[in-house]
Amino acid sequence: MKFSLFYEMQISHPTRPSETQLFHDCVTQVELADQLGYHCIWEVEHHGLFEYSHSSAPEVFLSFVAARTKNVRVGHGITLTPHRYNHPIRIAERIATLDILSGGRVNWGSGKSSSLTEQLAFENDVSQLHAQWLEALDMIPRMWQQDVFQYKGTFFDVPPIQVIPKPVQQPHPPIFAACSKPESAVAVGQLGIGALNFAIGNDDYLGRKVDDYRAAVRDANPAIYQKNDHFACTPVTLCLPDDRKACRYGMRGALFFAEALGTYYFSGKRPIGPLEEINREFMRDDDLDDAMAFRGADDAPAMNIIGDPAHCREIVSRFERAGVDEIICVMQTGTVPHELVMESLRTFGEQVIPHFSTDTTMERRAADPG
Amino acid sequence: MPEPRRVAVTGAAGRLGRVMLDRLVLAPEIDRVVALDLRPPAASHAKVESVIADVRDPEVGRHFAGCDSLIHLAFVVERGSRDPRRTDSINVGGTENALRAAIDAGVDTIVHASSVAAYGFHPENQSGPLTEDAPIRGNEDFYYARTKAATDRWVTELGAAHPDVAVSLLRPSIFLGPRGNGRLRPFHGRLFPYVTGGSDPPTHVTHEDDVAEAFYLALSQRARGAFNIATGDPLPVSAWAENMGMRPMPIPAGALSLAELAYRARLIDVSPEWLRVGRRYPIVVSSARARRQLRWHPRYPTTGAVLRALAGRPHAAASRGTKILFGTLATITRVRGSLPVDERARQELRAFGGSANLMFTGAHPSEWHVRFSGGRVGVYRGIDPSARSTTSMKEEVFFRLLDGELSYAHANMTGKIRHHGEGNMSMIVGAIVGGFRQAASAEGRAAAPARVWGRLVMRNGPERSTSR
Numbered sequence: 037m038k039f040s041l042f043y044e045m046q047i048s049h050p051t052r053p054s055e056t057q058l059f060h061d062c063v064t065q066v067e068l069a070d071q072l073g074y075h076c077i078w079e080v081e082h083h084g085l086f087e088y089s090h091s092s093a094p095e096v097f098l099s100f101v102a103a104r105t106k107n108v109r110v111g112h113g114i115t116l117t118p119h120r121y122n123h124p125i126r127i128a129e130r131i132a133t134l135d136i137l138s139g140g141r142v143n144w145g146s147g148k149s150s151s152l153t154e155q156l157a158f159e160n161d162v163s164q165l166h167a168q169w170l171e172a173l174d175m176i177p178r179m180w181q182q183d184v185f186q187y188k189g190t191f192f193d194v195p196p197i198q199v200i201p202k203p204v205q206q207p208h209p210p211i212f213a214a215c216s217k218p219e220s221a222v223a224v225g226q227l228g229i230g231a232l233n234f235a236i237g238n239d240d241y242l243g244r245k246v247d248d249y250r251a252a253v254r255d256a257n258p259a260i261y262q263k264n265d266h267f268a269c270t271p272v273t274l275c276l277p278d279d280r281k282a283c284r285y286g287m288r289g290a291l292f293f294a295e296a297l298g299t300y301y302f303s304g305k306r307p308i309g310p311l312e313e314i315n316r317e318f319m320r321d322d323d324l325d326d327a328m329a330f331r332g333a334d335d336a337p338a339m340n341i342i343g344d345p346a347h348c349r350e351i352v353s354r355f356e357r358a359g360v361d362e363i364i365c366v367m368q369t370g371t372v373p374h375e376l377v378m379e380s381l382r383t384f385g386e387q388v389i390p391h392f393s394t395d396t397t398m399e400r401r402a403a404d405p406g
Numbered sequence: 073m074p075e076p077r078r079v080a081v082t083g084a085a086g087r088l089g090r091v092m093l094d095r096l097v098l099a100p101e102i103d104r105v106v107a108l109d110l111r112p113p114a115a116s117h118a119k120v121e122s123v124i125a126d127v128r129d130p131e132v133g134r135h136f137a138g139c140d141s142l143i144h145l146a147f148v149v150e151r152g153s154r155d156p157r158r159t160d161s162i163n164v165g166g167t168e169n170a171l172r173a174a175i176d177a178g179v180d181t182i183v184h185a186s187s188v189a190a191y192g193f194h195p196e197n198q199s200g201p202l203t204e205d206a207p208i209r210g211n212e213d214f215y216y217a218r219t220k221a222a223t224d225r226w227v228t229e230l231g232a233a234h235p236d237v238a239v240s241l242l243r244p245s246i247f248l249g250p251r252g253n254g255r256l257r258p259f260h261g262r263l264f265p266y267v268t269g270g271s272d273p274p275t276h277v278t279h280e281d282d283v284a285e286a287f288y289l290a291l292s293q294r295a296r297g298a299f300n301i302a303t304g305d306p307l308p309v310s311a312w313a314e315n316m317g318m319r320p321m322p323i324p325a326g327a328l329s330l331a332e333l334a335y336r337a338r339l340i341d342v343s344p345e346w347l348r349v350g351r352r353y354p355i356v357v358s359s360a361r362a363r364r365q366l367r368w369h370p371r372y373p374t375t376g377a378v379l380r381a382l383a384g385r386p387h388a389a390a391s392r393g394t395k396i397l398f399g400t401l402a403t404i405t406r407v408r409g410s411l412p413v414d415e416r417a418r419q420e421l422r423a424f425g426g427s428a429n430l431m432f433t434g435a436h437p438s439e440w441h442v443r444f445s446g447g448r449v450g451v452y453r454g455i456d457p458s459a460r461s462t463t464s465m466k467e468e469v470f471f472r473l474l475d476g477e478l479s480y481a482h483a484n485m486t487g488k489i490r491h492h493g494e495g496n497m498s499m500i501v502g503a504i505v506g507g508f509r510q511a512a513s514a515e516g517r518a519a520a521p522a523r524v525w526g527r528l529v530m531r532n533g534p535e536r537s538t539s540r
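Residue numbers (this note's numbering), protein chains in the order written: chain A, 37 to 406; chain B, 73 to 540.
By construction, these hints were calculated from the structure, which means they are not laboratory data. Where hints are given, some of them may not hold.
Quick list of in silico lysine-lysine cross-link-like pairs, DSS-like style, CA-CA up to 30 Å [claimed, not checked]:
1) A:LYS281 x B:LYS466
2) A:LYS217 x B:LYS466
3) A:LYS263 x A:LYS217
4) A:LYS305 x A:LYS217
5) A:LYS263 x A:LYS106
6) A:LYS188 x A:LYS263
Bound conformation, chain A alone (with noise of 0.2 Å):
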């Protein structure tokens, strides 16, 4: 198992200068993580979702963090490949130069953005949406590793380029793509590149979709990228000492970021100024009780990691019966204060990560030529 971190740049009624601190906090969190030996730093790409995702740059945070840190991998947790975001030539570009300025720890994540206000925003056809990801994603592997790319297909007739510079890793950095429904966990495996499973379910549902997506990325055979049979989910996660403190504040973390989620994702709507109708107080005391009792429930989902470094555990451990390759914790959510994600990671990385092992995977290799 393998443990990440997954930043969108959350906050709560943000104010200019909380904004620019915020920035600065997460740079002061990973730089803690790669000391502790977390494993890939995530990072999301969103456009105008106020409150709920303020990372709409990537590319900038992650070249910022590789020259931070030392050993951290760091990911795009996804690209948005559609090209009224980006051009498929400008996304290989800007992932091999960071590849060779971080030594070869790029992780690269592709997706096309599923919210409305994102979608519009970039006057995106939605209908193409999903043929368009495809498209890039055909395309970027090529640039990485021809000489002379030529291409023509639906929406690009790219004449003769050199496309460069080329990455560091060999024969590129490791592929992946966002997924939540069974469907198309199936559907990434089919493509033969990893899994980021965003959605939540029981056990059994996560273990059934971890072993679809397996048989499916058994079969695949990728012709112009190298398979990478990866699954990894992505939980709120928060781990103090004290298992109430940690409930306290990450469950409310994790109600905000669910409840942003649900506004951007599943209300119909675009939302504008600061989100209505989201939690952003502390659960009652009895509640709070209801929902540390029901972390070890047998019917309850694997998905929130909020507890003492006990609690945490025992969840982990239930990814990991799953079939998980990799655990994405998302500790910085809109509502959690900088210090607390700070003792989290902490708290985590000390007693909780060292519990489990962490297996060699193709793209442990990718990274670490000879």
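Here the structure of chain A is known, so what remains is to put chain B in place on it, guided by the hints.
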């Protein structure tokens, strides 16, 4: 124990004022209420100091000395067209004068009584419930809506200009109740009169106690900004009679001109504009912001519940709401073969197959399953052993979710909802709830089941199924 509060209330002898005073004296942190009105007070209480005062009085501020809060209710509601100049001087001039005086006197909290009428009766309102950010444009031809809108805008600006004062605007719907509103008396007869020939728009009725509670919550939390205060599930006036166990007595629209004459002859005291409200466009609002931010949980959550309570008729379905709701859906499914959904919903539902079980626990347990197949959806009695998921919860939890008081994520995290089986099928409950609350505006494929459910639940909810 927080600092004792001193609250001034204008319009204290009015309909809401009387109920407001009863609520304020119950609050332990409030040690004094200064009750201002042109008329003598309806009742007395040790905490209440009543003063005969006029909100137009340039010196009105002397009554606010030592008060830290103001609840401003003084407003001409019913006889406004009799003397338009006086109406404007009280409603607009009086509001500005009283609120400025209160700020000069150093209050830190102001709760202003606006109204849903401030939005105005407009054709655009038909596209869905209005939230607090909807434009304020009371109709020029109805003094009440016009003056409520004018003061609403003015008070909003006042709040922006005085960030140190917590200024909130509450926009209640029509409210009724035994204490404040004498107009309930005709409701105790066997016939309920209403004017026919209009559009018969859905109309919110909120209980006076719940409105007073909202004002108290805004005061005690020092809330800021606007809040709609209205029940869910507004009913057309033509449907009120049944909820009150009365027979509807339609009055032809032509009779309105008689009312006009009677008003002019001072035989009746309600401006005929009010009778014409039933012929205007609807004002249907969402009170989600008050529920969430003020934690306003009305004791009578729907218009039907208010009317039944006033008529002394408890809700027959109150204790077995899910049985009624899902029983109705199951009956429709049995009779028609599936639930009615429109073509667009059918297209969206094509992607879903299989069934999901729903179990309600509690005093009246019931079990159902929802089956999706080829764009059709139906509700069936009992558990389907081959279902892709089973979701169980207490009946009460289901209604709290529908009410918006409890969020789906919260219920999930605290174990109030239990899922077995496939995660995405069990999400159907989230879809039902989300759909109920957002049916009007949802877009996109992910929201398809929510939309469909929303339409179904809204059309066949427990209120309607027992009242029709």
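Would you mind confirming whether the straight-line C-alpha gap from A:LYS281 to B:LYS466 stays at or under 30 Å? holds, 28 Å
Under the criterion that the straight-line Cα-Cα distance not exceed 30 Å, is the pair A:LYS305, A:LYS217 satisfied? Measuring from Cα to Cα gives roughly 21 Å; hence the hint holds.
Given pair status - B:LYS466, A:LYS217, alpha carbons within 30 Å: holds, 28 Å
Pairwise hint evaluation, A:LYS106 against A:LYS263, where the allowed Cα distance is 30 Å at most: Judged against 30 Å, a Cα distance of about 26 Å means the pair holds.
For the pair we were handed, A:LYS263 and A:LYS217, check the Cα-Cα distance against 30 Å. Satisfied, since the Cα-Cα distance of roughly 21 Å is no more than 30 Å.
30 Å limit on alpha-carbon distance, applied to hinted pair A:LYS188 and A:LYS263: Holds, because 24 Å separates the two Cα atoms, which is no more than 30 Å.
The structure meets every hint from the earlier list without exception.
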